[in-house]
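Residue 1 is where the sequence shown starts when you use our numbering, and the numbers rise one by one after that.
Don't take every hint at face value.
Each computed SDA-like pair below joins lysine to any residue, with the alpha-carbon atoms no more than 20 Å apart [stated by the list, open to error]:
hint	residue 1	residue 2
1	24	13
2	24	14
3	24	8
These are computed hints drawn from the structure, not numbers from a lab.
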Amino acid sequence: MSFLFSNVLDIHVSIFILCFISLKHTGLNNISPNYYW
């Protein structure tokens with residue numbers, strides 16, 4: 001049960017981090033599109 005809970009928690013944390021990084025990435029791109037190029 002604890003293993004399953006930690007797996008679900010890891011998945012949620014990973015999704016949250018991915019969403020945060022993609023949101024930050026698009027925000028930076030919107031502010032300065034030439035930043036990454």
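Each hint, compared with the structure:
no., hint, result
1, 24 with 13, "holds, 16 Å"
2, 24 with 14, "holds, 15 Å"
3, 24 with 8, "violated, 24 Å"
When each numbered hint is compared with the structure, a violation occurs for hint 3 only.
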